[in-house]
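**Student:** Start from the sequences, fold in the hints, and give me the full structure.
2 protein chains.
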Amino acid sequence: MTVTAPKGFRASGVAAGLKAGGNLDVALVVNDGPDAGVAGVFTANRVKAAPVLWSQQVVKGGVVRVVVLNSGGANACTGSQGFRDTHATAEHTAAALRGRAKPLLIGAGDVAVCSTGLIGELLPMDKLLPGVTAAVKALDASGGERAAEAIMTTDTVAKNVHVVRDRWSVGGIAKGAGMLAPALATMLVVLTTDAVAGPEALDVALREATRLTFDRIDADGCMSTNDTVLLMASGASDVQPTQEELTAAVTEACADLARQLITDAEGATKHIAIEVLGAASEADAVEVGRTVARNNLVKTALFGNDPNWGRILAAVGTTTAAFAPDRIDVGINGVWVCRGGAAAEDRSKVDLSGRDVTIQVHLHEGEMDATIRTTDLSHAYVHENSAYST
Amino acid sequence: MTVTAPKGFRASGVAAGLKAGGNLDVALVVNDGPDAGVAGVFTANRVKAAPVLWSQQVVKGGVVRVVVLNSGGANACTGSQGFRDTHATAEHTAAALRGRAKPLLIGAGDVAVCSTGLIGELLPMDKLLPGVTAAVKALDASGGERAAEAIMTTDTVAKNVHVVRDRWSVGGIAKGAGMLAPALATMLVVLTTDAVAGPEALDVALREATRLTFDRIDADGCMSTNDTVLLMASGASDVQPTQEELTAAVTEACADLARQLITDAEGATKHIAIEVLGAASEADAVEVGRTVARNNLVKTALFGNDPNWGRILAAVGTTTAAFAPDRIDVGINGVWVCRGGAAAEDRSKVDLSGRDVTIQVHLHEGEMDATIRTTDLSHAYVHENSAYST
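As you go down the protein sequences, you meet chains X and S in turn. When we follow UniProt numbering, the leftmost residue of the first sequence carries the number 1, and every step to the right adds one. When we follow UniProt numbering, the leftmost residue of the second sequence carries the number 1, and every step to the right adds one.
Incorrect hints may have been included.
Pairs involving identical chains hold if they fit within one copy or between any two copies, as the list cannot separate such chains.
Unchecked claim - DSBU-like, lysine-lysine: derived pairs with alpha carbons at most 35 Å apart:
id: 1; residue 1: 349; residue 2: 127
id: 2; residue 1: 127; residue 2: 137
id: 3; residue 1: 19; residue 2: 270
id: 4; residue 1: 349; residue 2: 7
id: 5; residue 1: 19; residue 2: 102
id: 6; residue 1: 349; residue 2: 19
Hints listed in this document are in silico derivations from the structure and should not be mistaken for laboratory results.
**Tutor:** Okay, here's the thing in structure tokens:
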């Protein structure tokens with residue numbers, strides 16, 4: 001049920017002292033091959049953390065054998081020293097793996113690095129590097145779940161996934177209760193597969209999967225400096241799926257992790273699906289869904305169990321999507337409270353007492369649909385993000 | 001100190017029963033001339049309330065004698081009946097003014113209409129129209145402050161302004177604690193001047209003034225369906241200021257009202273000025289300031305007295321403005337916690353205990369500056385917007 005479920009992978013999670021409290025905070029995921037293809041998707045934020053700048057370069061070559069991850073510090077906005085620290089972490093990881101009884105003959109260029117935690121502070125390298133050494137020693141074919149635990153920040157549960165096909169599979173781990181947002185969140189995701197697949201096939205599969213999953217969850221509209229999604233293929237199953245089959249399995253794994261992420265978003269009391277129907281284009285559907293998902297007045301209304309459809313229409317009105325104000329329908333949990341841009345069914349019929357909320361916005365402009373998943377804006381969100389520096 | 005301070009204007013505010021509790025809820029501002037020039041700026045939201053659609057048409061002609069305003073209902077998302085109600089309100093206002101001992105010989109086309117309150121419900125016309133009749137009877141040369149009171153919704157104080165020049169002046173009233181946002185808020189503003197000024201001069205002055213004032217406050221990033229800013233000139237002073245003088249006075253009045261609006265924004269515990277310095281263009285400066293102002297993680301951090309400059313940089317990174325991540329400086333209340341994109345002065349030196357917060361973001365890309373004013377994201381904001389349907 002995790003990143004080590006596909007054949008050819010080992011993983012580990014150890015406590016290096018980066019997090020106060022002694023929780024696991026350094027993780028490794030190692031691809032033992034025979035293949036070592038990789039694809040990656042990174043934050044669209046123009047302020048990118050050092051490990052993102054590093055991993056983007058490493059992934060460009062199409063080959064990665066190891067991902068080293070840490071929580072307890074994002075290594076973002078840390079200048080040239082931050083980048084040197086990332087480089088040193090990759091070097092140290094490669095050296096430690098070369099030094100084992102079953103050595104991996106790799107260099108720093110085979111190691112992707114991911115970090116998460118507070119922005120603007122240098123990592124405590126005197127703790128991190130010994131942690132990496134310990135993580136190398138702890139590598140195990142059943143270590144995926146400990147790796148998932150080691151990358152948690154404000155997550156309340158570790159996130160794992162395993163999608164099984166005929167003699168091959170896709171596994172994954174994720175963290176990300178923080179700034180879930182557009183074009184990825186503070187989201188670290190490592191996906192593994194034992195399928196036979198080269199970097200190009202992996203890239204096609206990963207981009208399609210993230211477009212339909214991680215790009216459609218949006219907890220608070222804030223975009224992280226560290227978002228990274230990596231997909232590694234070991235080829236250990238000897239099965240080469242078609243591109244379609246690979247893309248479908250990766251998408252299924254990402255969709256599952258995305259649901260886990262949004263369900264565990266900071267302070268959420270509601271899980272909200274915004275289904276945009278009848279849009280003229282997919283881009284319109286996504287824009288409308290995301291705009292409604294980010295509207296603080298919509299989010300606070302839902303926290304208060306108030307089916308305030310007027311705020312939804314006001315949010316739609318700020319988009320560039322094709323629509324006519326007098327043709328929009330809005331449904332909340334199945335009650336069409338607005339038809340043709342005006343009040344329809346009695347809003348008091350809407351039952352918002354449960355955790356799950358479905359909002360339907362029908363634009364009547366075309367055939368395209370998209371669903372954006374988000375959360376409400378609660379006292380707990382304000383508390384978590386005002387009381388703790390993250 | 002209000003809309004009736006300039007010569008040639010009368011105003012009133014009455015309780016028509018639209019608001020629960022018997023507070024004033026219908027207001028009139030009448031221009032007795034001799035001139036009747038007008039300019040208007042309206043919400044950029046594509047979902048526009050019926051009174052906005054009406055008033056846009058009326059203002060296009062360049063002449064307006066009366067503004068009738070109500071709180072207790074936005075008349076937005078109310079379909080064709082909503083528009084008929086706005087039309088009927090304008091007709092009723094004109095007829096009531098024609099029927100007075102000192103009649104104003106006007107038609108509905110001389111009457112602008114503004115509404116504010118809950119979206120999606122029809123106005124109770126059986127209360128509104130008698131309210132208009134009463135408001136016509138109550139018109140008085142010192143009625144401006146009652147008009148300001150009658151347009152309050154969740155505002156805690158009425159907003160008035162008076163900017164005095166040599167023998168002429170600009171007065172104004174405003175409401176707007178709600179969805180303060182881009183290109184205006186749920187903001188109703190009526191400005192009056194006894195200067196001699198035609199519709200074109202008024203339009204130039206009003207557009208410049210709103211660009212530099214109302215367009216640069218942003219409480220929660222949500223854009224209203226009803227925003228309206230109107231400027232009427234009576235010419236009663238017989239003084240014709242230059243365009244520059246007129247623009248400067250109108251801008252001063254708008255800046256004062258904008259400060260009053262953001263100070264009274266829902267749930268605010270901090271008044272935050274985001275000064276963007278060294279931008280390549282004014283548009284870049286405004287984009288960066290607005291993006292930081294809307295970032296929920298920045299806003300919650302400031303509510304929690306946390307000088308979390310990393311979140312500010314992460315917000316800047318989502319803009320399209322010209323900047324290099326390793327050249328940005330960030331100051332919080334005078335402490336430059338970030339220089340060249342990395343930690344600089346000790347963040348513990350930042351004192352956030354007061355209500356006023358100044359954030360400086362220096363891009364080092366050019367000579368353009370802009371200041372965006374916003375508020376924090378507090379428990380009180382969540383409470384006000386989840387507990388009450390507005």
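**Student:** Indicate, hint by hint, whether the structure satisfies it.
**Tutor:** Comparing the hints with the structure gives:
no.	hint	in the structure
1	349 to 127	between (57 Å within a copy, 27 Å between copies)
2	127 to 137	within (16 Å within a copy, 78 Å between copies)
3	19 to 270	both (29 Å within a copy, 31 Å between copies)
4	349 to 7	neither (52 Å within a copy, 52 Å between copies)
5	19 to 102	within (30 Å within a copy, 78 Å between copies)
6	349 to 19	between (47 Å within a copy, 24 Å between copies)
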